[in-house]
Amino acid sequence: QTLELQLPEQLPLAHCDVGAIQNVLTNLLGNAQKFTPAGGTIRLRAEHQGRFIALAVEDTGPVIPAEQQELIFESFVQLNRENSAGPKGVGLGLKIARNLAELNGGRLTLTSAPGRGSCFTCTLPI
Numbered sequence: 001q002t003l004e005l006q007l008p009e010q011l012p013l014a015h016c017d018v019g020a021i022q023n024v025l026t027n028l029l030g031n032a033q034k035f036t037p038a039g040g041t042i043r044l045r046a047e048h049q050g051r052f053i054a055l056a057v058e059d060t061g062p063v064i065p066a067e068q069q070e071l072i073f074e075s076f077v078q079l080n081r082e083n084s085a086g087p088k089g090v091g092l093g094l095k096i097a098r099n100l101a102e103l104n105g106g107r108l109t110l111t112s113a114p115g116r117g118s119c120f121t122c123t124l125p126i
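Numbering (my numbering), first residue to last: 1 to 126.
A portion of the hints provided could be inaccurate.
To be verified - Cβ pair distances, simulated, as ranges:
1. Gly-19 - His-48: 21 to 27 Å
2. Gly-91 - Ala-20: 16 to 22 Å
3. Leu-7 - Ser-75: 29 to 35 Å
Just so you know, these hints were derived from the structure itself, not from any lab.
Given the structure is predicted, the values throughout are model-derived calculations rather than measurements.
Every residue, glycine too, gets a C-beta built ideally from N, C-alpha and C.
The whole structure should be built from the sequences, with the hints applied where relevant.
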């Protein structure tokens with residue numbers, strides 16, 4: 001796997017609990033590593049979007065069907081784990097990550113499309 005960082009030299013400071021957001025990013029990067037096949041790419045991006053900073057973790061793993069995209073943020077839900085590497089969890093990571101983003105005044109969202117993989121984006125107020 002390849003990890004690409006797309007981080008601008010200058011960003012405004014986010015108003016957040018740094019430890020909580022580190023937990024969010026650790027979860028998102030860990031999931032990307034589990035679900036991205038060998039030779040795939042994981043990308044961490046940060047960008048200024050109006051009154052927010054957006055932190056995005058993109059991967060070239062399998063597509064998450066539209067009808068399941070909100071479901072994966074529920075407690076104890078795991079999708080497509082049959083052939084994935086790494087230890088199996090209990091399905092709380094994304095629920096906790098979303099809650100931490102919201103407690104910090106932001107959001108955690110997902111987009112996933114064929115040929116593009118998945119992109120989880122955490123927005124935080126500046």
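Exercise for the section: Evaluate the given range 29 to 35 Å for the C-beta pair formed by Leu-7 and Ser-75. Expected result: Cβ of Leu-7 to Cβ of Ser-75: about 32 Å, so the range 29 to 35 Å holds.
Exercise for the section: Evaluate the given range 21 to 27 Å for the C-beta pair formed by Gly-19 and His-48. Expected result: holds (23 Å)
Exercise for the section: Look at the Cβ atoms of Gly-91 and Ala-20 and judge whether their distance stays inside 16 to 22 Å. Expected result: Taking Cβ atoms as reference, Gly-91 and Ala-20 lie about 20 Å apart, which means the hint holds.
Checked against the numbered hints given earlier, the structure satisfies every one of them.
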